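Enquirer: Sequence:
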Amino acid sequence: MGVLKDLQPQLVFKYFEEICGIPHGSGHMEPIADYCVAFAKAHNLEYFTDKLHNVIIVKAATKGYEDSPAIIIQGHLDMVCEKTADSNIDFLKDGLKLGIDGDEIYAEGTTLGGDNGIAVAMGLAILASDNLEHPRIEAVFTVDEETGLYGAEAIDVSMLKAKKFINLDSEEEGVITVSCAGGVTAECILPVTRKHAEGTQLKVVVTGLLGGHSGVEIDKERANSNMLMGRLLYNLNKKIQLNIVNVAGGQKDNAIPKETVLNLIVSDKDVAKVEDTVKEYQHIVSNEYKTSDPSIVIKAENLGKGSHEVLDKESAEKAVMMLLNIPNGIQSMSADIKGLVETSLNMGALKVLEDGIHAIFAVRSSVETAKASICDRLISMMEFLGGKVEFTGAYPGWEYKKDSELRETVIRVFEKQYNKKPIIEAIHAGLECGMFSEKIEDLDCVSIGPDMKGVHTVDERLSISSVERTWNLLLEVLKESK
Numbered sequence: 002m003g004v005l006k007d008l009q010p011q012l013v014f015k016y017f018e019e020i021c022g023i024p025h026g027s028g029h030m031e032p033i034a035d036y037c038v039a040f041a042k043a044h045n046l047e048y049f050t051d052k053l054h055n056v057i058i059v060k061a062a063t064k065g066y067e068d069s070p071a072i073i074i075q076g077h078l079d080m081v082c083e084k085t086a087d088s089n090i091d092f093l094k095d096g097l098k099l100g101i102d103g104d105e106i107y108a109e110g111t112t113l114g115g116d117n118g119i120a121v122a123m124g125l126a127i128l129a130s131d132n133l134e135h136p137r138i139e140a141v142f143t144v145d146e147e148t149g150l151y152g153a154e155a156i157d158v159s160m161l162k163a164k165k166f167i168n169l170d171s172e173e174e175g176v177i178t179v180s181c182a183g184g185v186t187a188e189c190i191l192p193v194t195r196k197h198a199e200g201t202q203l204k205v206v207v208t209g210l211l212g213g214h215s216g217v218e219i220d221k222e223r224a225n226s227n228m229l230m231g232r233l234l235y236n237l238n239k240k241i242q243l244n245i246v247n248v249a250g251g252q253k254d255n256a257i258p259k260e261t262v263l264n265l266i267v268s269d270k271d272v273a274k275v276e277d278t279v280k281e282y283q284h285i286v287s288n289e290y291k292t293s294d295p296s297i298v299i300k301a302e303n304l305g306k307g308s309h310e311v312l313d314k315e316s317a318e319k320a321v322m323m324l325l326n327i328p329n330g331i332q333s334m335s336a337d338i339k340g341l342v343e344t345s346l347n348m349g350a351l352k353v354l355e356d357g358i359h360a361i362f363a364v365r366s367s368v369e370t371a372k373a374s375i376c377d378r379l380i381s382m383m384e385f386l387g388g389k390v391e392f393t394g395a396y397p398g399w400e401y402k403k404d405s406e407l408r409e410t411v412i413r414v415f416e417k418q419y420n421k422k423p424i425i426e427a428i429h430a431g432l433e434c435g436m437f438s439e440k441i442e443d444l445d446c447v448s449i450g451p452d453m454k455g456v457h458t459v460d461e462r463l464s465i466s467s468v469e470r471t472w473n474l475l476l477e478v479l480k481e482s483k
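According to this note's numbering, the residues represented by the sequence shown are 2 to 483, in order.
By construction, these hints were calculated from the structure, which means they are not laboratory data. Computed from a predicted model, the values in this text were never measured in an experiment. Where a beta carbon is used, it is the ideal one built from N, C-alpha and C, also for glycine. Treat the hints with care, as some may be off.
Stated by the list, open to error - Here are the simulated EDC-like pairs of lysine to aspartate or glutamate, each with C-alpha atoms no more than 20 Å apart in a straight line:
| no. | residue 1 | residue 2 |
| --- | --- | --- |
| 1 | K84 | E147 |
| 2 | K164 | E481 |
| 3 | K421 | E477 |
| 4 | K291 | E302 |
| 5 | K480 | E134 |
Said to hold, decoys possible - With beta-carbon atoms standing in for the labels, derived distance ranges:
| no. | residue 1 | residue 2 | range |
| --- | --- | --- | --- |
| 6 | K454 | I380 | 35 to 45 Å |
| 7 | K339 | D131 | 40 to 50 Å |
| 8 | V298 | I338 | 20 to 30 Å |
| 9 | E281 | T85 | 39 to 49 Å |
| 10 | G455 | A155 | 54 to 64 Å |
| 11 | A155 | V4 | 43 to 53 Å |
| 12 | D131 | I338 | 40 to 50 Å |
| 13 | G103 | I380 | 44 to 54 Å |
| 14 | N473 | L325 | 52 to 62 Å |
| 15 | E31 | K389 | 34 to 44 Å |
With the hints as extra help, turn the sequences into a complete structure.
Expert: Structure representation (structure tokens):
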């Protein structure tokens with residue numbers, strides 16, 4: 002018997018457990034898509050699928066709702082696959098091992114995939130039920146959201162009739178999301194030339210930062226280790242001959258980097274200058290970030306004598322110019338929505354490759370022209386320095402809709418169910434609503450979801466009681482959508 006068989010709503014958790022039993026990590030979507038198609042066939046429902054394995058399933062309106070506007074229920078099929086060092090699960094072959102701890106569902110030693118398996122489970126439960134009241138339902142299940150919204154970008158929506166869209170990819174009950182940022186990955190590439198250098202090898206590390214999500218947590222004003230290293234390089238360049246062997250920090254454009262490492266070759270007489278500069282800079286940075294990032298450590302380690310290929314003088318000076326002056330962090334706040342970051346960028350990864358220095362940014366804005374302006378600034382600086390910028394993974398923003406019938410319905414139902422007002426929120430991160438708003442003219446969107454925590458980590462948890470309340474909210478919204 003299933004681990005979740007006694008939980009309510011029973012049908013939702015039945016489908017969620019079945020989904021958890023099917024490998025469905027990003028990039029490996031065929032098994033879960035086949036499951037959805039088999040479901041549609043078993044329930045005699047109209048369905049569509051494509052070569053990427055996006056799936057759309059349509060259910061006709063129930064009696065009395067034949068003339069009501071159709072509604073899209075949307076979630077994504079893929080999950081982030083992370084596991085503990087001692088877990089033996091093969092995400093390409095094995096299902097998850099579910100457990101219950103009080104009010105929470107978890108997976109043993111792995112991510113749970115509540116993001117966004119619970120959305121798919123709710124959609125399937127609506128499609129399978131014969132005792133609900135609702136207009137025409139168009140359930141849209143996309144692939145590879147976690148790696149770049151690729152399914153939503155490519156999906157054909159020509160068969161859809163709905164102008165109302167409920168995304169179930171939010172992770173906090175009581176919050177109705179009504180807008181999100183668009184974004185693009187910008188990879189700045191600065192060509193370099195090298196020379197041979199001998200001397201004392203020094204390793205300088207900026208570490209101990211809090212980091213965080215470059216969209217959700219950019220407003221916390223936390224330090225970026227790559228940008229801190231740029232300031233340190235500028236100060237070192239004023240005092241010594243800067244022979245850079247390598248500089249590397251961060252791994253993903255959408256994560257604020259927590260550590261950056263610099264390798265140098267210096268003359269014996271300059272070792273003390275570097276060490277003194279590092280100590281002085283540690284004091285400066287500790288003071289500047291004493292509240293937002295209090296545990297920053299900057300240290301220099303002597304690795305002994307050695308010889309390496311290093312950046313020549315001109316390349317080092319251009320690198321310093323780029324790292325000191327390139328924009329980063331919050332660029333503007335929204336004038337329409339108090340407290341919302343409108344435009345930002347984050348240098349999430351920095352590395353030196355054979356063809357030059359690569360600085361990789363996540364650029365975000367809820368205003369497309371503002372996003373384009375930031376991209377223009379990057380292009381202008383890099384071209385001036387003799388480099389270039391390559392853009393990938395662009396996705397549109399979801400602009401706030403001042404007149405939203407769907408939003409008002411969700412608010413009204415929420416207040417009736419919870420006896421309090423919901424939080425109306427715009428987020429500085431990407432949701433698939435932006436992609437669909439670009440594809441479907443005048444689309445009316447909201448995003449809701451149950452409480453989850455530790456998403457994308459092995460500590461992921463899904464609240465059972467919150468799923469039930471969110472399910473009841475969703476059903477009542479459908480019932481009132483005449």
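Enquirer: Hint by hint, note whether the structure agrees.
Expert: Do the hints match the structure? See the list:
For a cut-off of 20 Å, the pair hint linking K84 to E147 stands: about 16 Å separates their Cα positions. Our distance criterion of 20 Å between C-alpha atoms is met by K164 and E481, whose separation comes to about 16 Å. At most 20 Å may separate the alpha-carbon atoms for a hinted pair to count; K421 and E477 meet this at roughly 16 Å. Restraint check for K291 and E302: not satisfied, since their Cα atoms lie roughly 24 Å apart, outside the 20 Å limit.
Restraint check for K480 and E134: satisfied, since their Cα atoms lie roughly 5 Å apart, inside the 20 Å limit. Separated by about 39 Å at the C-beta atoms, K454 and I380 satisfy the suggested range of 35 to 45 Å. In this structure, K339 and D131 meet the distance hint of 40 to 50 Å, their C-beta atoms being roughly 45 Å apart. Between V298 and I338 the beta carbons are some 37 Å apart, a value that contradicts the proposed interval 20 to 30 Å.
As the Cβ distance of E281 to T85 is approximately 41 Å, the hint placing it in 39 to 49 Å holds. Evaluation of the 54 to 64 Å hint for G455 and A155 yields a failure: the beta carbon distance comes to about 30 Å. Restraint check, A155 to V4: a C-beta distance of roughly 35 Å breaks the suggested window 43 to 53 Å. One distance hint, 40 to 50 Å for the beta-carbon pair D131 and I338, holds here, with the actual separation near 41 Å.
Between G103 and I380 the Cβ separation comes to about 52 Å, which falls inside the hinted range of 44 to 54 Å. At about 54 Å, the beta-carbon gap between N473 and L325 stays in the expected band of 52 to 62 Å. A C-beta distance of roughly 37 Å is found between E31 and K389, which places it inside the suggested range of 34 to 44 Å.
Hint compliance for this structure: hints 4, 8, 10 and 11 are broken, all remaining hints hold.
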